[in-house]
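*Asks:* Sequence:
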Amino acid sequence: MVIDVDSIVRVVFAALLFPTIFQGFLLGIAWGADDDLWMMLLKRIVLLLPVLGIIASCWLTIPSVLTVIFRQKRREFVTALFVTWWDLGKAIVAFWGGMIKFVLNLLWAIVGLVKIIIVGIWSLIQEIFVLPFRVMRNAGQSVVSSPVPWIAVVLTIFWCLIEALIFTYVVSPLVIDTLSNITGEQLSMNVLRIPLFIFLFFVVLGSYAVLSNFVTAVKSRKIPSIITISVIEFVVLFVEVIFLYREFVDSLVPWFAQYSQGFELGVYWTIAIACLAWFGVRSISWFLFASHGTPTILSVIQGRGTGAPMTAEQATNHAALVSSEFMAKLKEEAYWVKIKGDELLAAFMLPPLEIVAATLNFGALLLNGRHLFQLPFKNFEALLSAKALLTESAPKQGATQEA
Numbered sequence: 001m002v003i004d005v006d007s008i009v010r011v012v013f014a015a016l017l018f019p020t021i022f023q024g025f026l027l028g029i030a031w032g033a034d035d036d037l038w039m040m041l042l043k044r045i046v047l048l049l050p051v052l053g054i055i056a057s058c059w060l061t062i063p064s065v066l067t068v069i070f071r072q073k074r075r076e077f078v079t080a081l082f083v084t085w086w087d088l089g090k091a092i093v094a095f096w097g098g099m100i101k102f103v104l105n106l107l108w109a110i111v112g113l114v115k116i117i118i119v120g121i122w123s124l125i126q127e128i129f130v131l132p133f134r135v136m137r138n139a140g141q142s143v144v145s146s147p148v149p150w151i152a153v154v155l156t157i158f159w160c161l162i163e164a165l166i167f168t169y170v171v172s173p174l175v176i177d178t179l180s181n182i183t184g185e186q187l188s189m190n191v192l193r194i195p196l197f198i199f200l201f202f203v204v205l206g207s208y209a210v211l212s213n214f215v216t217a218v219k220s221r222k223i224p225s226i227i228t229i230s231v232i233e234f235v236v237l238f239v240e241v242i243f244l245y246r247e248f249v250d251s252l253v254p255w256f257a258q259y260s261q262g263f264e265l266g267v268y269w270t271i272a273i274a275c276l277a278w279f280g281v282r283s284i285s286w287f288l289f290a291s292h293g294t295p296t297i298l299s300v301i302q303g304r305g306t307g308a309p310m311t312a313e314q315a316t317n318h319a320a321l322v323s324s325e326f327m328a329k330l331k332e333e334a335y336w337v338k339i340k341g342d343e344l345l346a347a348f349m350l351p352p353l354e355i356v357a358a359t360l361n362f363g364a365l366l367l368n369g370r371h372l373f374q375l376p377f378k379n380f381e382a383l384l385s386a387k388a389l390l391t392e393s394a395p396k397q398g399a400t401q402e403a
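Going left to right, the sequence shown walks through residues 1 to 403 as my numbering numbers them.
Keep in mind that a hint or two might mislead.
To be verified - Using 25 Å as the maximum straight-line C-alpha spacing, the simulated DSS-like pairs for lysine-lysine come out as follows: (1) LYS101 / LYS43; (2) LYS340 / LYS101; (3) LYS101 / LYS115; (4) LYS115 / LYS378; (5) LYS338 / LYS43; (6) LYS115 / LYS43; (7) LYS340 / LYS329; (8) LYS338 / LYS101; (9) LYS101 / LYS90; (10) LYS378 / LYS73; (11) LYS90 / LYS338; (12) LYS378 / LYS329; (13) LYS340 / LYS378; (14) LYS90 / LYS378; (15) LYS101 / LYS329.
Claimed, not checked - Listed next, with one range per pair, are the computed distances between beta-carbon atoms: (16) MET349 / LEU37: 43 to 51 Å; (17) ARG71 / LYS378: 30 to 38 Å; (18) ILE110 / ALA80: 39 to 47 Å; (19) GLY28 / VAL356: 19 to 27 Å; (20) LEU104 / LYS378: 12 to 20 Å; (21) PHE70 / ILE110: 19 to 27 Å; (22) ILE284 / ILE198: 18 to 26 Å.
FYI, nobody ran anything at the bench for these hints, they're computed from the structure. Small disclaimer: the values here were computed from a predicted structure and weren't measured. Beta carbons are placed, not taken as given, at the ideal position from N, Cα and C, and that holds for glycine.
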C-alpha cells in the first residue's frame, strides 16, 4: 500500500488553513463594493463586523485545537471552546437585534424629547405669565415681614412728590414773573416746571428731615440740639409758609370771595391760614407714615443702610422667582433625558462590543485557558477597563506558568 504523502500534506494544510476557503467570499459580500450606495452601506453596517468576527475566531480556533494535544483538562478546554463559539453566535444575533432595538429606542426617545420640549415651552410660558404676580407676592411678603418700614418709606416719598407737584403748579406763575423781571426775557413755563419740581421735592423732603431730627433731639432731651433745630425748623416754616403755603392760600381767595360779599383777606390772616395749613399737613403726614419713613430715608442717604440684614427665608423668597413645581418637573425631565441617553448609548455600543469581546475570548482562551469577558453585557459596568483586564488575567497567567 502506497501512502501519498503529498495528498496527506495538502489535506492537513487545507484543514489548518480552512478559513481561506470562504473568507474572501464572505468579505466580498460584506464589503459590497459592486452594489448600490445604500445597499453597500447597509451591508457594511449589518454584515462587516460579524464576518470579521467569524473569520478572526476561525483563525484563533485553529491553534486552540492544536493545543488540545498537550493541554491538561482537555475536556474543559474543548467545552469552553464550544461555549466561546456559542457566545459569538449569540453576540451576532444580539448585534442584529440590537440595531432594531436601537432604532425603536431612538424613535421613542425623539417622541419623548419632542413631548418634553412642547411641555417645557408651555410650562415656561405659564411661568413667564405668572412671574409678575409671583414677584408681587414675594415683594409683599418681604415688605410685610421686613423690619424696615418700607410702606412708610414709599408713602413718605410719594407724599413729597405729590406736595412738590401741587406747589409746582401753584408757584410756577410767581417764579416765572420773578425770573422774567430779573432776566428781562419771557421764560417758558414747561421748561421751568421740571427743575422747579425737582427743587421743591428736595425742599419738602428736607422739611421732613428737619422735623425728624427735631423729634430725635426732644426724645434725647439734649437742650442745645433742641434749641438749634428749633431755630432751623422755624426758618423752614417761614420759608415754606411765605413761598409755598401762602401762594396756596392766595389761590383759594377767589373761592372765599365767591360765598361772601366784600371779603378781604389781609396779610396776617393769609399767613395764619398758611401756618395752620403747614401744621395740619405736616402733622397728619408725620403721625401717619413720615415719622417711620423719614429716619430710614435719612439712614440710606447718609450711607448707613437700613440696618436690617436679610434673613435666609427672605433671601429664599427673593430668589424663588420660579415655582418649585416647575423646577421639580425640570429635574425630572433632565433625569429622564439622562436615563434615556444611557439606554441609547448602551443599545448603540454594547451589541458590537459583544462581538469584539466574543472574538477576544478566543484569544484569551488560547493563551490563558479562560474567557476574558462574561457575555452578554448587561450594562457599561460589565465592560472592564484595561487595568482591570490585566488584573483579571495576571493570576491565571501565573498559575499557568507554575503548572
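*Asks:* Sort out which numbered hints this structure fails and list those numbers smallest first.
*Replies:* Going through the list in order, the structure violates hints 4, 5, 6, 10, 11, 12, 15, 16 and 21 and respects the others.
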